[in-house]
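Engineer: Going line by line, the protein sequences match chains A and B.
Counting with this note's numbering, you get residues 1 to 343 for the letters of the first sequence.
Counting with this note's numbering, you get residues 1 to 343 for the letters of the second sequence.
One should not assume that every hint holds.
As the list claims (entries may be wrong) - Not the full set, but computed from the structure, chain A residues with beta-carbon under 8 Å of chain B: (1) VAL38; (2) LEU132; (3) LYS135; (4) ASN138; (5) GLY167; (6) GLU168; (7) MET172; (8) ARG176; (9) SER177; (10) GLU266.
What the hints assert, rightly or not - Calculated cross-link-like contacts (lysine-lysine; reagent style DSBU-like; alpha-carbon spacing at most 30 Å): (11) B:LYS133 to B:LYS292; (12) A:LYS292 to A:LYS305; (13) B:LYS332 to A:LYS135; (14) A:LYS86 to B:LYS135; (15) A:LYS41 to A:LYS204; (16) A:LYS86 to B:LYS67; (17) B:LYS292 to A:LYS204; (18) B:LYS332 to B:LYS86; (19) A:LYS37 to A:LYS305; (20) B:LYS305 to B:LYS332; (21) A:LYS223 to A:LYS37; (22) A:LYS67 to A:LYS37; (23) A:LYS332 to B:LYS135; (24) A:LYS292 to B:LYS204; (25) B:LYS86 to B:LYS108; (26) A:LYS31 to A:LYS108; (27) A:LYS292 to B:LYS86; (28) A:LYS232 to A:LYS292; (29) A:LYS332 to A:LYS305; (30) B:LYS133 to B:LYS7; (31) A:LYS108 to A:LYS20; (32) A:LYS135 to B:LYS86; (33) A:LYS41 to A:LYS20; (34) B:LYS67 to B:LYS41.
Just so you know, the hints here were simulated from the structure itself, not pulled from any lab data.
Each residue gets a CB set at the ideal place from its N, CA and C atoms; glycine is no exception.
Protein chains: 2
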Amino acid sequence: MQSTPTKPPFYLGIDLGGTKILAGVFDSQLKLIGTYKVSTKASRGPSGVLGRILRCIEDAIDECDLKMNQISAIGIGAPGSVNSGKGVVNFAPNLGWRGIPLAGNLSKKLNAPVFLGNDCSVSMLGVYHVELKSKPANALGLFIGTGIGGGLVIGGEPYRGFTGCAGEIGHMVIDRSGPLCGCGNRGCFEALASRNALFNSIRKAVEQGKKTQLHEILGRDLKDMRSGDLRKAIRRGDRLVNRLVREAAEAIGLAVSNLANVLGPEVVILGGGVIEALEHEMLPTIIRTARKHAMPGALTGVEIKASVLGDHAGITGAAYLARAELQAHRSKAHNTLHSSGNA
Amino acid sequence: MQSTPTKPPFYLGIDLGGTKILAGVFDSQLKLIGTYKVSTKASRGPSGVLGRILRCIEDAIDECDLKMNQISAIGIGAPGSVNSGKGVVNFAPNLGWRGIPLAGNLSKKLNAPVFLGNDCSVSMLGVYHVELKSKPANALGLFIGTGIGGGLVIGGEPYRGFTGCAGEIGHMVIDRSGPLCGCGNRGCFEALASRNALFNSIRKAVEQGKKTQLHEILGRDLKDMRSGDLRKAIRRGDRLVNRLVREAAEAIGLAVSNLANVLGPEVVILGGGVIEALEHEMLPTIIRTARKHAMPGALTGVEIKASVLGDHAGITGAAYLARAELQAHRSKAHNTLHSSGNA
Numbered sequence: 001m002q003s004t005p006t007k008p009p010f011y012l013g014i015d016l017g018g019t020k021i022l023a024g025v026f027d028s029q030l031k032l033i034g035t036y037k038v039s040t041k042a043s044r045g046p047s048g049v050l051g052r053i054l055r056c057i058e059d060a061i062d063e064c065d066l067k068m069n070q071i072s073a074i075g076i077g078a079p080g081s082v083n084s085g086k087g088v089v090n091f092a093p094n095l096g097w098r099g100i101p102l103a104g105n106l107s108k109k110l111n112a113p114v115f116l117g118n119d120c121s122v123s124m125l126g127v128y129h130v131e132l133k134s135k136p137a138n139a140l141g142l143f144i145g146t147g148i149g150g151g152l153v154i155g156g157e158p159y160r161g162f163t164g165c166a167g168e169i170g171h172m173v174i175d176r177s178g179p180l181c182g183c184g185n186r187g188c189f190e191a192l193a194s195r196n197a198l199f200n201s202i203r204k205a206v207e208q209g210k211k212t213q214l215h216e217i218l219g220r221d222l223k224d225m226r227s228g229d230l231r232k233a234i235r236r237g238d239r240l241v242n243r244l245v246r247e248a249a250e251a252i253g254l255a256v257s258n259l260a261n262v263l264g265p266e267v268v269i270l271g272g273g274v275i276e277a278l279e280h281e282m283l284p285t286i287i288r289t290a291r292k293h294a295m296p297g298a299l300t301g302v303e304i305k306a307s308v309l310g311d312h313a314g315i316t317g318a319a320y321l322a323r324a325e326l327q328a329h330r331s332k333a334h335n336t337l338h339s340s341g342n343a
Numbered sequence: 001m002q003s004t005p006t007k008p009p010f011y012l013g014i015d016l017g018g019t020k021i022l023a024g025v026f027d028s029q030l031k032l033i034g035t036y037k038v039s040t041k042a043s044r045g046p047s048g049v050l051g052r053i054l055r056c057i058e059d060a061i062d063e064c065d066l067k068m069n070q071i072s073a074i075g076i077g078a079p080g081s082v083n084s085g086k087g088v089v090n091f092a093p094n095l096g097w098r099g100i101p102l103a104g105n106l107s108k109k110l111n112a113p114v115f116l117g118n119d120c121s122v123s124m125l126g127v128y129h130v131e132l133k134s135k136p137a138n139a140l141g142l143f144i145g146t147g148i149g150g151g152l153v154i155g156g157e158p159y160r161g162f163t164g165c166a167g168e169i170g171h172m173v174i175d176r177s178g179p180l181c182g183c184g185n186r187g188c189f190e191a192l193a194s195r196n197a198l199f200n201s202i203r204k205a206v207e208q209g210k211k212t213q214l215h216e217i218l219g220r221d222l223k224d225m226r227s228g229d230l231r232k233a234i235r236r237g238d239r240l241v242n243r244l245v246r247e248a249a250e251a252i253g254l255a256v257s258n259l260a261n262v263l264g265p266e267v268v269i270l271g272g273g274v275i276e277a278l279e280h281e282m283l284p285t286i287i288r289t290a291r292k293h294a295m296p297g298a299l300t301g302v303e304i305k306a307s308v309l310g311d312h313a314g315i316t317g318a319a320y321l322a323r324a325e326l327q328a329h330r331s332k333a334h335n336t337l338h339s340s341g342n343a
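Input sequences plus hints: build the corresponding full structure.
Structural biologist: Below, the structure written as structure tokens:
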């Protein structure tokens, strides 16, 4: 099978996560040419992580037989609260970062324009522009990974609110006497259904003597557990993992119901690593729970589905961001030039 | 003191609640001229309530020394899910209504244009256009009365989402193992902090033998309890009522935090009968709890305050709706006429 030829200019999309950095090289039509992945190693601090992002970028470009000077712009989605205009990560608890001028630092090293966004907003940008052909006016994305974040589209545009950090659905409290969350609250959605929450509840149950097939897959200490291991365990008939995954799916369904009541979206998209690994196991429970709890009418005619882009939503959205922002900057520069010419 | 003269045309705003119907007569500048209030008596069914709305309207107009033919248009806010375009109340559990063509029925009886909206959306319309001078792009209204509803402004416009019923904040679950809600869920915001929830928790505590000053105010059986009685009891040093009102305020604060995380509003407005009666007792706890639970940045620079319009938000918004919709209809009719003239 011959693939369609790739067209310059090229764009780089980076998904910076607490666990891994994923880089994708895209052509002018946002067709994915190649990816490269490295672990984040957040414990090495901002400059250590910056070095790893640079290495990931170089290796991704090299994998695609390209050179850095063929890349027109770079987009990057980072977790936590970001200032897109200034390219600064304000606060990223998963990375332990505060006030890191990520876009500026990368831009200097790479001698190319770099644009920054919140990881979940950027993922939603990818889903919306590349995956959702119907272009709904209002859409909601829930991204379930190490943590949980949301992406909102309102009136066909990405929505970040007055504060620039709207969509923080992971810290919506749904069980105020529930387990403690990293943010200090009890019973946040993230503390009930993120990968970390799921792994913690499995480890706790095992400590209390519950049986699981995970030992046969991972060994005695369940180190390096991944979402895919849970799927394998369930398929081997693991009742503990099956129950805990179902409980997480119920929490996700309840969150979808809450958000549908408040926001009235036309489409609800579920993405992130946990959904990619466990879509088959979780999605029916999520949909059933959401429809059971939502107000009459709040989910009538509303599609709830898993993202087809899956783990590539972040890099796709980041490449989209890079292309859109570059065009906006060029058109602004052109207009400024044009109007000074006329003055 | 001489009041400024009122200017025709006049508009009527109706706030249809589960307990009472409030009608307000407004002049062309939306200055309130007079109000009239009757109880709803929802148990008499839709035609019984329709008769009471008509009586309330007639009495309000008469109080203002006006005649029905001096009223240009009527706006009405009804609880539950409404179809504004068709003027139909789809589903109003507090009234026991399904598919009632309220605007059409009223319009026929009164021989005047009638425009319908959801009660909380309409209240937010009043607050936004008459009270919020800064015209924030994004604002959130929480209306705490018999039930709890929300009103959203996004991009300077009322927001009702794809389903037309966005803003159903009362059925956001914040305590999934909490008390049963009328909607069938457990731990909805409304089941924790509405007037009904507050009164139920007081009655339950009294049944369990707890002491309260309310008996001295209301007699043995606590019938006809009103929000204002709780304020009186607290001022007499009633520790039970003080604690239960504080707990309701904490639930409201948690809901504000959830909604600020998700929506990133610039202004948060609290309204409804419970807030009007207990602002002094509840607002400090609401603000403290919201700021404690919200994500870093989600409430930075965000104003949280009680509506100055208070219980008049609904009638003011309804009159605004009447005036705006009448102008829109007239301009549309004019344009249609104009374009047919040109054809």
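Engineer: Against each hint, give a clear statement of whether it holds in the structure.
Structural biologist: Do the hints match the structure? See the list:
1. Against a cut-off of 8 Å between C-beta atoms, the interface hint on VAL38 of chain A is violated, since the closest Cβ of chain B lies about 28 Å away.
2. For LEU132 of chain A, the shortest C-beta to C-beta distance to chain B is roughly 13 Å, which exceeds 8 Å, and the interface hint is violated.
3. Annotation: interface hint on LYS135 of chain A violated; nearest CB of chain B at approximately 13 Å, more than 8 Å.
4. Interface restraint check for ASN138 of chain A: the shortest CB-CB distance to chain B comes to about 5 Å, inside 8 Å, so the restraint holds.
5. Taken as an interface hint, GLY167 of chain A checks out: its beta carbon lies about 7 Å from the nearest beta carbon of chain B, inside 8 Å.
6. Contact between GLU168 of chain A and chain B, as hinted, is supported at the beta carbon level, the nearest pair being about 4 Å apart and thus within 8 Å.
7. Contact between MET172 of chain A and chain B, as hinted, is supported at the beta carbon level, the nearest pair being about 5 Å apart and thus within 8 Å.
8. For ARG176 of chain A, the suggested interface contact is upheld, since its CB lies about 5 Å from the closest CB of chain B, less than 8 Å.
9. Look at SER177 of chain A: its Cβ gets to within about 7 Å of chain B, closer than 8 Å, so that hint holds up.
10. Residue-level restraint check for GLU266 of chain A holds (minimum Cβ-Cβ distance to chain B is 4 Å; threshold 8 Å).
11. The suggested pairing of LYS133 of chain B with LYS292 of chain B holds, with an alpha-carbon distance near 28 Å, which does not exceed 30 Å.
12. A distance of roughly 16 Å separates the Cα atoms of LYS292 of chain A and LYS305 of chain A; the hinted pair therefore holds under the 30 Å criterion.
13. Among the hinted pairs, LYS332 of chain B with LYS135 of chain A is consistent with the structure: their alpha-carbon atoms are about 28 Å apart, no more than 30 Å.
14. Restraint check: the Cα-Cα separation between LYS86 of chain A and LYS135 of chain B comes to about 26 Å, which is no more than 30 Å; the hinted pair holds.
15. Taking the CA atoms of LYS41 of chain A and LYS204 of chain A, the gap is about 25 Å. The hint holds against a cut of 30 Å.
16. Pair hint LYS86 of chain A plus LYS67 of chain B does not hold up; C-alpha atoms about 60 Å apart against a cutoff of 30 Å.
17. Under the criterion of a C-alpha separation no larger than 30 Å, the hint pairing LYS292 of chain B with LYS204 of chain A is consistent with the structure, at around 29 Å.
18. Annotation: proposed proximity of LYS332 of chain B to LYS86 of chain B holds, straight-line Cα distance about 17 Å (limit 30 Å).
19. Between LYS37 of chain A and LYS305 of chain A the alpha-carbon distance is near 26 Å, which keeps this suggested pair within the 30 Å criterion.
20. As the CA atoms of LYS305 of chain B and LYS332 of chain B are separated by approximately 37 Å, the hinted pair breaks the 30 Å bound.
21. Taking the CA atoms of LYS223 of chain A and LYS37 of chain A, the gap is about 21 Å. The hint holds against a cut of 30 Å.
22. A threshold of 30 Å between alpha carbons decides the hint, and for LYS67 of chain A with LYS37 of chain A the separation of about 18 Å falls inside it, so the pair holds.
23. For the hint linking LYS332 of chain A to LYS135 of chain B, the alpha-carbon distance of about 28 Å falls within 30 Å, and the restraint holds.
24. The straight-line distance between the Cα atoms of LYS292 of chain A and LYS204 of chain B is roughly 29 Å, inside the 30 Å bound, and the hint therefore holds.
25. Pair hint LYS86 of chain B plus LYS108 of chain B holds up; C-alpha atoms about 14 Å apart against a cutoff of 30 Å.
26. The suggested pairing of LYS31 of chain A with LYS108 of chain A holds, with an alpha-carbon distance near 27 Å, which does not exceed 30 Å.
27. The straight-line distance between the Cα atoms of LYS292 of chain A and LYS86 of chain B is roughly 27 Å, inside the 30 Å bound, and the hint therefore holds.
28. For the proposed pair LYS232 of chain A and LYS292 of chain A, the alpha carbon gap of about 29 Å is at most 30 Å, so the pair holds.
29. Simply put, LYS332 of chain A and LYS305 of chain A have alpha-carbon atoms about 37 Å apart, too far for the 30 Å limit, and the pair is violated.
30. At most 30 Å may separate the alpha-carbon atoms for a hinted pair to count; LYS133 of chain B and LYS7 of chain B meet this at roughly 22 Å.
31. A hinted pair counts as satisfied when its Cα atoms are at most 30 Å apart, and LYS108 of chain A with LYS20 of chain A qualifies at roughly 23 Å.
32. For the given pair, LYS135 of chain A sits about 26 Å from LYS86 of chain B by alpha-carbon distance, which is consistent with the 30 Å threshold.
33. At most 30 Å may separate the alpha-carbon atoms for a hinted pair to count; LYS41 of chain A and LYS20 of chain A meet this at roughly 8 Å.
34. Proximity of LYS67 of chain B to LYS41 of chain B is assessed by CA-CA distance (about 26 Å); at most 30 Å being required, the pair is judged to hold.
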